[in-house]
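Participant: Using the sequences plus the hints, can you model the full thing?
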Amino acid sequence: MSLFTPRAPLAERLRPRTLDEVVGQEHLTGAGKPLRVMLENDRLASMVFWGPPGTGKTTLARILAEGVNAQFIAMSAVSAGVKEVRDAVKRAQEALNAGRPTVLFLDEVHRFNKAQQDALLPHVESGLLTLIGATTENPSFEVNPALRSRARVYVLKALGEDDLMRVLERALISSEGLPEVEAEEEALRLIAAAAMGDARRALNALELAAELGGGRVTLDAAREALGAGQPVFDKGGEAFYDLISALHKSVRGSHVDAALYYLARMLAGGVDPLYVGRRLVRMASEDVGLADPGALKQALAAVEAYQLLGSPEGELALAQATVYLALAPKSNSVYRAFAAARRAVETHPDAEVPLHLRNAPTK
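Oh and the sequence shown: position 289 is 289 in my numbering, straight run, nothing missing.
Possibly wrong hints are sitting among the right ones.
Unchecked claim - Taking lysine-lysine and the DSS-like style, the derived pairs with C-alpha atoms no more than 25 Å apart in a straight line are:
no.: 1; residue 1: Lys90; residue 2: Lys33
no.: 2; residue 1: Lys297; residue 2: Lys249
no.: 3; residue 1: Lys90; residue 2: Lys114
Bear in mind the hints are in silico, worked out from the structure with no lab data behind them.
Facilitator: Written out as structure tokens, the structure reads:
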């Protein structure tokens, strides 16, 4: 078969089929860890996978379903309506009548609406469906509380460069991958760094670089595949956290231009703007605090504006909030006082409530 014969994308061909093939999530898939124990016990619980793109959320859901011989139904919370949910329930009932369980995989579970919830959750509670949700957003803030209370949350980590190198090297030796392709070590390292923890992005770049290089992945082909001038940093690595730190410290130090520079650099590098927005909300409470109570409203409004407008228009609201926070007077009194209160709770967790502060009985 020619390298360029049309077929399934490389990332799909190399999708792991067992927990042992999954890279970078050993805290969930290793011996004695939650997902492996579930398969060993042949019993799944409803759960939510939270993690960046390309970390294996869909793959793990498929592996778990196949591991317990369950019917696998996949849908998106964005596009599926009540009709699709009812169809899934009907299919699950038919499978149960045949002695087979059903796993419903709900992508973008943070977009789950009340109508979907009302149609689905009773069947999750009854055990007819095992729900596996996937989200890139913090479930504590974004996932419906009724759903969150019925599911375990498991955090998937962004893959490190070494993890991605293993994925790329496997692609070059697997019969389902690109065994006829040669690749320069430096080119693979560049792809691994630029993928920002996303295995799918890394494999897509490798496949394109192989086509551009005529069957050889050179450094130039890798750069072209990744896109000229694209900022390169690993979303889960030191450079990523250095930029976050630089933004936070620039705001704290009232360095407006520096804060805007690091904000722009993070957005250009592919950081989720809503992640940046959440950091701004934190800065408003932690660094500005009571010195300007309006700062928290500004940060929250920026997040809301971005959710309404998206990119690139909504990024201006994040820039406005960044400037406001940098120029605002600073006070960490609330941060320090609350930290002291938490230390007091750790030291005296069972201190009695003084009599004059207790609830007075009315009987």
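Participant: Would you pick out the hints that fail for this structure and give their numbers low to high?
Facilitator: 1
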